Every structure is written in structure tokens, then in C-alpha cells.
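*Asks:* 1 is the number of the first residue of the sequence shown in full-length UniProt numbering; add one for each residue after it.
Simulated from the structure, these hints should not be mistaken for laboratory data. Be aware that a few hints might be false.
[Claimed, not checked] Derived CB-CB ranges, DEER-like:
#1 400 - 46: 47 to 55 Å
#2 352 - 400: 20 to 28 Å
#3 355 - 234: 53 to 61 Å
#4 204 - 261: 14 to 22 Å
#5 199 - 249: 39 to 47 Å
#6 487 - 199: 37 to 45 Å
#7 371 - 475: 34 to 42 Å
#8 358 - 162: 47 to 55 Å
#9 430 - 199: 45 to 53 Å
#10 474 - 231: 16 to 24 Å
#11 92 - 46: 23 to 31 Å
#12 218 - 265: 27 to 35 Å
As the structure is a prediction and not an experimental result, all values here were calculated from the model. Heads up, the beta-carbon is just placed ideally off N, CA and C, and yes, glycines get one too.
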Amino acid sequence: MLKNTICALRLAFPLLLVHMAALPFVLGGLAVAGGSGKLIWDKFKKVPPNTPYDIVVRLNSLLALKTSGWDILLSENARSASLQDSTADNARGLVVGVLGSYNRGKSFLLNLLCLSKLPSGNLISTEGISITIPKKTGENVIFIDTAGTDTAIPKDKLADKKATEALLREVALHLSSFIIIVVNRLRATDQTYIQQVLQHAKKSQQEKEIIIVHNLMDVETVEDANKVIQKEVEQLFDSIKDKMKLQMGNQQSSVEFFRSENNGIKLRHFVLTKVGSPSAQIWNQQSIDGIMNILQGATNTRRNLNVIGEMINFINTKLPQIFITEKGEGEGSQQKFEVQLNAKKTNIVLSQRQELEDLSLNPVELTLSPNLAYDEAGYFIGIGSIDHGQWQPFYDLYETDDDIYVIIDLAGFKKENVKIKVMEKAIVLEGSRDDLKTKLQQSVVHHQKIPFGKFKLDIPLPAEIETVGTKLERDDGLYKIKCPKKKVIVVYLE
């Protein structure tokens with residue numbers, strides 16, 4: 001049995017300072033600073049008082065890009081963020097995506113993890129991309145929650161809703177290094193949902209850590225909890241019980257959890273039961289302690305916290321495949337389908353509307369592609385994947401304080417067969433590889449797995465780069481691209 005020792009120093013005041021210090025990095029370049037060192041957030045709308053998220057991007061409709069786009073709202077905590085709280089050490093952190101089907105208890109879990117009062121009733125739903133940062137529990141850990149409800153909508157808005165929710169799922173999966181999947185009593189739909197999330201996580205080319213939280217909200221007795229755990233956690237997932245040790249000051253405690261593996265992906269399982277019940281006294285607090293200490297200890301998966309900027313970059317790689325124009329899909333429409341922050345307001349809008357002050361004017365004609373397809377978990381099929389009729393080479397993406405490195409596996413390619421387009425926020429590669437069997441005479445194919453034909457690879461970058469200083473090396477089939485990061489300039493107003 002594996003036993004992990006993870007230190008948990010719950011010092012509320014220092015962690016609260018870290019919480020405040022991380023916010024400017026999460027907010028990225030959305031505002032400038034005043035002479036007092038205070039960031040100017042007054043132009044942003046406020047998050048409603050009953051909504052405790054720090055940042056809300058109202059990505060509730062793709063077709064809203066015709067006019068006003070997506071508002072960005074800030075909480076009082078975010079609006080009070082100042083430069084003096086920020087240090088270089090806080091520029092990196094762990095991004096955790098909280099996923100789950102409707103009414104499985106994501107808000108309930110976030111309430112426990114963040115010690116905040118998140119809405120948990122069926123009548124309250126999360127908007128777009130909602131970000132919260134623990135105020136007392138979690139050094140440089142941020143949580144991403146996404147909208148997605150079963151509320152009825154007019155028939156003519158169904159296609160927009162489905163495409164929007166699929167994009168939200170893709171964004172959350174892309175931004176997150178850790179994924180927490182929340183389920184209740186396991187149903188076939190939950191098992192399918194988990195399989196699809198794991199499949200997409202594996203395809204993402206970015207290693208993801210997966211935690212499954214079994215939120216047994218209707219289980220009260222210890223005996224019933226043990227029966228459900230044995231059947232739904234141990235048997236169905238073929239998991240084994242494990243323990244981790246926690247060190248809190250001079251006191252030690254242990255946390256019970258479960259380990260399993262699914263198609264090469266290692267999973268950790270934690271249990272919650274009905275609040276106030278005898279079984280909750282055993283499981284709930286130790287599960288929350290265990291999850292938070294895993295997250296705090298995951299220093300090797302921390303990344304740049306400018307998640308708003310990276311979200312925009314990632315969405316820009318998807319929009320050309322989601323929309324069509326009068327010219328049709330794909331080629332010729334990519335420049336049109338790009339979003340940016342509006343220069344006059346706090347909305348994310350199409351780039352051609354960036355300077356527009358009255359966003360109700362001159363609406364853009366937008367039409368969703370009729371070829372959009374979805375899997376059983378609501379993810380896109382064929383958007384930026386090998387299912388899209390083009391294969392994609394594997395790549396690694398690394399970041400240091402000064403540079404971004406992209407390494408692409410392009411064995412067997414000649415220089416003239418690959419085109420590389422470097423932009424401030426993304427790198428796009430296009431090329432073609434011949435079918436290798438055509439070089440052989442009268443060959444019989446017994447096994448053929450090396451992909452051939454045309455490919456296109458869009459790589460969103462975690463930070464803006466200086467395109468002029470970008471360098472390319474070719475070595476044994478690997479293309480190594482070194483991109484110097486653009487320096488952030490803060491303007492002080494007297």
C-alpha cells in the first residue's frame with residue numbers, strides 16, 4: 001500500500017495574502033495601475049453580490065459575438081487587487097477544472113474547498129467560465145467552473161446552447177492541469193461521461209491529473225456508505241484503498257482515499273456523504289483535506305496564471321471550425337473569427353469590433369457550422385482533433401520565465417513540406433506527408449500506423465511572444481521553436 005506524506009500548514013492570514021497576490025496574474029492585462037499601486041478595475045461590471053466567484057466570463061452564447069460578445073465581471077476581491085501584493089513567485093499556480101453533469105454537486109464541492117458560499121440549489125446556475133480562488137485554503141490554486149444546465153430554452157437556440165457548452169468544456173479541459181469530476185450515485189450516464197472526459201484528457205497532449213469525487217448526497221449511515229463505496233468505488237472502478245499522512249503543525253492525521261487506473265490514466269477517488277450525517281463525520285472533512293493537500297503539493301504542474309489571455313488564444317483556434325461565412329468553412333475565414341478584449345468596454349468581442357464603443361451597432365452575420373458533432377459527454381467531435389479528416393503531429397510545450405519552447409515531432413519531413421506561421425498568441429503548422437507505401441513496388445500492407453496526407457496543427461501559446469526573436473531548429477525529425485515572451489509593461493497614472 002502506498003503512503004504519501006504531504007504537509008498542510010493551515011495559516012489563514014498568509015494564505016489570504018497569497019490569494020490577493022495571485023489575482024493580478026489571473027486577471028492578466030485587463031487593466032492598468034494607478035499611482036498608488038492600485039489596479040483600476042472600475043470599468044468592469046461587478047459580480048452579483050450573491051455570487052462569490054472572483055471572475056466571471058459570461059460566455060453564455062457563441063452567437064452573442066454578433067454584437068456585444070461576452071462580459072467580464074469582477075468580484076470585490078478582484079477589484080481590490082493591487083500591484084504591491086504581487087511577486088514573481090505568485091505568477092504561476094495550479095489550475096483545477098471542476099467538471100460534472102448537471103446537479104451532481106460541483107458548487108457544493110467548491111464551497112467546501114474554497115470555504116466560500118457558492119450557490120448550490122437547483123435554481124441557480126453558473127455562468128460561462130467562472131473562476132474562484134480559495135481565500136484561506138490553497139496556495140496559488142484556482143478553480144474553474146463552467147455553465148451547463150438542463151433549463152428549457154427556445155427551440156431556435158438549441159444549436160447555439162449545445163455548441164457553447166461544448167466550447168466551455170474544451171476551454172476548461174485545456175486550461176486545467178488537474179481535473180476533478182463530480183458524480184453522485186453512479187449511473188450509466190455518469191460512467192459514459194467519465195470515459196469521455198478521460199478520452200479527451202488523453203488526447204489533449206497535456207498531462208492531466210484526475211480526481212473523482214463521489215458525492216453521495218443521499219447516504220447518511222456509515223453502513224450504507226460502506227456498501228455504496230464497496231460497490232461503486234471499489235468494484236466498478238477496480239480501485240484499492242490507500243492512505244496519505246497529513247502534517248498540520250505538531251499534529252498528524254491520515255486520509256483514506258482510493259486509487260484506480262483506466263486506460264493508462266491514474267485516478268484518485270474521494271468520498272463525500274450527506275452533510276450532518278454520521279457518515280459525513282467520517283468522510284467529508286478528511287476528503288476535503290486530502291484533495292487540497294494533493295493540489296497544494298502539485299508544484300510540478302503549475303503554470304502561468306494568465307488564464308484569461310490563454311482562454312482567448314485557445315478559443316481563437318476553435319472559432320474558424322465552429323462558424324461558417326458566405327465563403328464557407330475553413331480557408332479564408334480564419335482572420336475574421338478571432339476574439340479580443342474590446343478597447344472601450346470590458347467585453348470579449350470579435351476582433352473587427354474591438355474599437356467599437358456602441359456594440360449594438362453593425363451586427364456581424366454569424367452561422368454555426370452544420371457539420372458540428374458531439375460525443376455523449378457533450379464534447380466536440382472533429383474540432384481540432386485527428387478525427388477532423390487531418391492527422392496531427394505530437395508536440396510538447398514548455399515555458400520558462402523568459403521563453404516558450406515548442407517541440408514538434410515531424411520525422412520524415414523535408415523543409416519545403418512544412419509551413420510554420422508564428423503569431424503573438426499561437427503557432428500554426430501546415431504540411432503534408434506522402435503515403436510511404438507508394439515508394440515501394442507491389443507492397444502488401446500488414447500493418448500501417450504512420451499517418452500520411454495533409455495536416456494542420458494550431459498551438460495556442462500560454463503567453464504572448466515576440467515574433468521577431470523566434471528561432472527554429474531542426475534536429476533528427478524534431479522541430480524546436482524557441483519564442484521569447486513579450487515583456488509586460490505596467491503604466492502608472494499620476
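*Asks:* All the hints need checking, so say for each whether the structure fits it.
*Replies:* These are the hints, each one checked on the structure:
1. 400 - 46: 47 to 55 Å: violated, 37 Å
2. 352 - 400: 20 to 28 Å: 35 Å Cβ-Cβ, so the 20 to 28 Å window is violated.
3. 355 - 234: 53 to 61 Å: Given range 53 to 61 Å: holds, Cβ gap about 59 Å.
4. 204 - 261: 14 to 22 Å: Hint holds: Cβ distance 18 Å, inside 14 to 22 Å.
5. 199 - 249: 39 to 47 Å: Given range 39 to 47 Å: holds, Cβ gap about 42 Å.
6. 487 - 199: 37 to 45 Å: With a Cβ separation near 39 Å, residue 487 and residue 199 satisfy 37 to 45 Å, so the hint holds.
7. 371 - 475: 34 to 42 Å: holds, 38 Å
8. 358 - 162: 47 to 55 Å: violated, 30 Å
9. 430 - 199: 45 to 53 Å: violated, 26 Å
10. 474 - 231: 16 to 24 Å: Distance hint for residue 474, residue 231 is violated at roughly 55 Å.
11. 92 - 46: 23 to 31 Å: Between residue 92 and residue 46, where Cβ atoms are some 28 Å apart, the hint holds.
12. 218 - 265: 27 to 35 Å: With a Cβ separation near 28 Å, residue 218 and residue 265 satisfy 27 to 35 Å, so the hint holds.
Taken one by one, the earlier hints fail for this structure at numbers 1, 2, 8, 9, 10, listed in ascending order.
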